[in-house]
Every structure is written in C-alpha cells, then in structure tokens.
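Chains as they are written, first to last, in our numbering: chain A, 1 to 155; chain B, 1 to 155; chain C, 1 to 155.
For the record, the hints were derived by calculation from the structure and aren't laboratory data. Misleading hints may appear alongside valid ones.
Given that identical chains are not distinguished, each listed pair holds provided it fits within a single copy or across any two copies.
Taking lysine to any residue and the SDA-like style, the derived pairs with C-alpha atoms no more than 25 Å apart in a straight line are [as the list claims (entries may be wrong)]:
#	residue 1	residue 2
1	K136	F49
2	K136	E29
3	K123	Q110
4	K93	K115
5	K23	D109
6	K23	N44
7	K136	V92
8	K93	L133
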Amino acid sequence: MNQYRERIQDLLADYAWHLDNDKLEQWTELFTEDARYEILPRDNVDRGFSLALMACRNQAMLRDRVLALRVANEYNVHYDRHVIGIPKFLSVKESEVYFEANYVVIQTDQHGNSKVFSSGVYKDRVVLENGQLRIKEKKVVIDTFCVPTLIATPL
Amino acid sequence: MNQYRERIQDLLADYAWHLDNDKLEQWTELFTEDARYEILPRDNVDRGFSLALMACRNQAMLRDRVLALRVANEYNVHYDRHVIGIPKFLSVKESEVYFEANYVVIQTDQHGNSKVFSSGVYKDRVVLENGQLRIKEKKVVIDTFCVPTLIATPL
Amino acid sequence: MNQYRERIQDLLADYAWHLDNDKLEQWTELFTEDARYEILPRDNVDRGFSLALMACRNQAMLRDRVLALRVANEYNVHYDRHVIGIPKFLSVKESEVYFEANYVVIQTDQHGNSKVFSSGVYKDRVVLENGQLRIKEKKVVIDTFCVPTLIATPL
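Isolated chain A (complex conformation):
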C-alpha cells in the first residue's frame, strides 16, 4: 500500500506545470533546502560515470540558476511541454519515497514548430517536510545528450 501515490501524482503535475508556465522561482520551492538536482547523460550513467551536465547541491543554487536565466543568459525563445509517464515506485518508506518516471519534453520554437527536445527519466527521492511533499534529490537522466540547442531552462 502506497499512501503517497496521489500526492506524488500531484507533485509531478506541479513540477511540469511550473516549468511549462515559466514559473521557475516557484518551481525551486518544490525542492527541500538541501536538495540535490542533477542532469546526467544516460550513456555516462550506464558506464558508471557520474559527470553531470548540471548539478545544484541545494535550493539556493537552484534559485541562483533561475536568477541567472532571468537577468544574464541569452537563449533561444521557446516553449516547453513536459509529458511525464506513470511513476515506478522502487522504495516507499514513511520517511522517503524513491521512484522513477519517464518524461518527454516537446519544445516549440518561435515559428510554432514542435519537436522532441529531450526524453529521459526522473529518479526522484521525495520526503515530507512540514506536511508538504518535497523533492530531496532529483536526477534527470537524459537520453538525448546531443541536444540541438543548449539546455537553458530546467528539465
């Protein structure tokens, strides 16, 4: 029996909703203060390497990164659309749930053309914090390591 199933569905829906609506500041609040967030290429992971394309060791680093996106970085204007699959629960404890969920991000350019931008899997550890389910660790393992454009916004 998994008492967190529905709350995790809600968390994943929240996650996609914040990113796709460009609510990046609020997106960082889905993480715990000490959360790790990493983007890793799949071929690296399969060969036992763990060199991340992006690594944030806490929520403050995530907020910094979002701030940089807002004020400094230049990148191609686009829309993202996350479609997240059914979560596979690997460990469900009172204190922490570990699950994986496939995702695909469809990206649309300024001319309204849509294509598969990234596919991969989320490997998430979530915990209860003051009654809220938050992400303590998220590894985004991406299949699409030959990204046609720089990964600017979070996956």
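Chains B and C: place on chain A using the hints.
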C-alpha cells in the same frame, strides 16, 4: 482530498480514446449541452488575446462540426494518438473542477510515418450532470501554431 | 468501482521500466505462461486483418525471442523510452480486466538524437495469478508501420 481524481482520469482516457478511434459523434457527448470548446494558439493567450482557431459555443455546434467532417470536408488521411499527462488540479469544488493537463498528439500519415503533430495544454472545467462527469469548458491551448497541415479533426 | 486501477498503473510502470532498462528477461515474467503477445499494424486491424508483425503464443516464446536478441541478432544500438497514457478500462471483472492505453516510444540513437519511434495502443487483458497481476494477452497495435529501422526490441 479530491474525490473526482479517478473519474477525471477516466474522462481523460475516454476523451483520447474516442478521438483516436474516430468516434467523434460519441466524443461530443462528453460535453455538456452548453459547453464551450476552443482551440487557442499559445502565443495569443500569453499576450492576452483570445482569438480562437476554432470555437464552439455549445454541443450542437460541436456535432455540426463533426457532421461537416463526415460529409463535406476533405483532408489528409491520418491517424491521431493522444498522450495526456497527469492533471494539475487548480480548483476542486463540489460543483465544478478546474484542471489543466499537458497533451501531445502524435500523427501518422498514410505511409506509416509518425511525428509530433501538436503539443499543448487542456484547460478543462468539468461538472457533474445526472451523475456523469462532463466537460463544461475546454480550452485547448496549442504550442504548435505552425501546424504542418490544417487542423481538421479535434484535438 | 475499479479495485485494480492502482495495480494496473503499477503494472504499466513496471512494463515500461523493464523495457527501458533493458531488463528483458524479467519483462517476460510480467506475462502469464500461456500469454499471447502480438504486434499488429493499425491499418491491418482497421480492415479486419490480423496479420501480426510479431506473435508469441506463450511466455516461453517470449523468452526465446529475448534470448535470440541477446545472442544472435544484430541491430542498431539505441535507447528506448516509453511514455504510456492513462488507461481506458473497457471491462473490469473479478477474473480479468481489459483495458487499452496509448503509448509513444521515443528512441535515441548512438549520437544522442531522439525521435518518435513508434506510437500506438496497448490492448491488454490482465489476470490475477497467485496474487500477482499478470498480462494474459497483449496486442500492440502500432500506428507507425513504416518503421525506419527494424523493430528489434519489444514495444
């Protein structure tokens, strides 16, 4: 607590199933008689415009449109396949539920080639009507406004 | 009331997880010993033909096929990523559940390029066997019959 969660999953599954199996007449019955159905391009919505690519103000108009597809319009033969993401519940009341759900439609042409045809988000208001959950308002906000072919069949 | 809803979500998540992690041997154990597994092109099905691209009449044939993949066949190296939609329940009995679920498989080649490899629908009959939900029949009806490369790994 959201007592409509499972019924809304079923409604979304029904929605996709009717469209992808070309059961368009029965698809219209998922809406209330006074339902609004609109397809809106995302860049329009973001800039505060609301010019719809398609707008039906009630179920009768939806039925008319389906009839037109059956008897009059010519369009390229294709298969659609809807994959709908986890719904994000924004307002859950006894009388009405408002949620949003990302979707991607993969379209396959006569030669069996598949590609991303449309990505976007459903913004749905659903109500209970004689014990059945029905769509009172559906806004399909499409990212893919540069559609390679005319949008003929509903999204 | 559908008492199998959550277990079927778990089964679908398991199904995708085993395939995408190349755990094909364990994937066969999701089926009953007498399970049928077929891949059928959609245009065939629509016209009433039932010529399968692949047909296994029991679990032993599935295991043979996986073994052949491991030791004999040569095929292009790739990663698969299954995203499965919300199941549409068509018949829910104590002894057997019949449902359909849309899927899309994103495939990534050795150079890290991702694209839509296959879209279609799973038509599944599942049963309880020693307290475990297992697949008794699975028809994979594929839209994408013009596959750019041979279907080597299961869908």
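Cross-check of the supplied hints:
Taking the shortest alpha-carbon separations for K136 and F49, only the intra-copy value of 22 Å comes in at or below 25 Å, while the best inter-copy value is 39 Å. Within a single copy, K136 and E29 get their C-alpha atoms as close as 11 Å, which meets the 25 Å cut-off; across copies the closest is 33 Å, which misses it. For the homomeric pair K123 and Q110, the shortest alpha-carbon distance between copies (22 Å) is at most 25 Å, but the shortest distance inside one copy (31 Å) is not. For the identical chains of this complex, K93 and K115 are neighbours neither inside a copy (38 Å) nor across copies (36 Å), given an alpha-carbon limit of 25 Å.
Within a single copy, K23 and D109 get their C-alpha atoms as close as 19 Å, which meets the 25 Å cut-off; across copies the closest is 32 Å, which misses it. For a Cα distance limit of 25 Å, the shortest separation of K23 from N44 across copies, 18 Å, qualifies, whereas the shortest one inside one copy, 30 Å, does not. Taking the shortest alpha-carbon separations for K136 and V92, only the intra-copy value of 14 Å comes in at or below 25 Å, while the best inter-copy value is 28 Å. Proximity of K93 to L133 under the C-alpha cut-off of 25 Å is found in both arrangements, the shortest distances being 13 Å within a copy and 23 Å between copies.
The structure is inconsistent with hint 4 alone, although it conforms to all the rest.
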